[in-house]
Structures are given as structure tokens and as C-alpha cells.
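With my numbering, letter number 52 in the sequence shown gets 52, and the count goes up by one each step, no holes.
Because the hints were derived from the structure by calculation, they are not lab data.
It should be emphasised that the depicted structure is a prediction, and the values quoted were computed from it without experimental measurement.
Just so it is clear, CB atoms sit at the ideal spot from N, CA and C, and this is done for glycine as well.
Possibly wrong hints are sitting among the right ones.
What the hints assert, rightly or not - Simulated DEER-style distance windows between Cβ atoms:
#1 A20 <-> F93: 29 to 39 Å
#2 A91 <-> A20: 38 to 48 Å
#3 R3 <-> G90: 14 to 24 Å
#4 T8 <-> S41: 13 to 23 Å
#5 A91 <-> R3: 26 to 36 Å
#6 G90 <-> G60: 33 to 43 Å
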Amino acid sequence: MARILVGTSEGLHELVGAGAPKVQRIGWDDSPASVTSLARSGTEVLGVVGRHEIWRTSGGREWSHVVTLGNLEVRCLAATDAGVLVDMAGAHFARLAAGAGLRFPGRGIVLG
1 MARILVGTSE GLHELVGAGA PKVQRIGWDD SPASVTSLAR SGTEVLGVVG RHEIWRTSGG
61 REWSHVVTLG NLEVRCLAAT DAGVLVDMAG AHFARLAAGA GLRFPGRGIV LG
């Protein structure tokens, strides 16, 4: 059965079966944070939480923190053959490198 995830201003929702969607929260304790972008890369799903954090899951229900970008606002994620690209405010972009955080092309900067 396909897994359908929907990011909203009130968190992450998983559509399961008929009726109201089941709500799954990631990246926070009590109050919901927005999930503004989702991208699938192989068996992983990555999500932008609260516009400044990236979280991931490998198909299960558990999510893990990847990186917090502080003052850079993440706009969207895109899974490509070159890896996961991260688009940020101010016309910045980076590539999410496995185990190495974010790489900013041409700048020699690595975060995470």
C-alpha cells in the first residue's frame, strides 16, 4: 500500500485508510511546527520542519534530525540524481551530502 505524506502549517499528516487522516508529528514535542517541503530519495523521506530544520525517515515511523540552518530559511527540497538539493531564501542552494551535512557549491562551506 502506498504511503501518502502531506506537509502542512499544522505538521505532518499521513493519509491512512478512509475517513480523517492520521496525524504524525515530527521534529517537536508539544506544539505543531509547519512541514513546508517533503522529498523522497530512495527509501528515505526528508522534510523541512519549521523552515530551519531538515529531518529524515527511512520508511518507518521514527524521524531523525539532519541539520538546523539557523538564520537560513529552507524553501524546498528536491531529490535529484546528484543528491538532495536544498533551496533557501536569498537565492542560496546546497546539496545534502550523505553523512556530511550540507555542501554549498563553489563556496567550500559544509554545515552539519
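Right, here's what the structure says about each hint:
1. A20 <-> F93: 29 to 39 Å: Since the Cβ atoms of A20 and F93 sit about 37 Å apart, the hinted range of 29 to 39 Å holds.
2. A91 <-> A20: 38 to 48 Å: holds (39 Å)
3. R3 <-> G90: 14 to 24 Å: Given a distance of about 33 Å, which is not inside 14 to 24 Å, the answer is violated.
4. T8 <-> S41: 13 to 23 Å: holds (21 Å)
5. A91 <-> R3: 26 to 36 Å: About 33 Å separates the Cβ atoms of A91 and R3, which means 26 to 36 Å holds.
6. G90 <-> G60: 33 to 43 Å: Given about 34 Å between the Cβ atoms, the range holds.
The structure fails hint 3 only (numbered hints given earlier).
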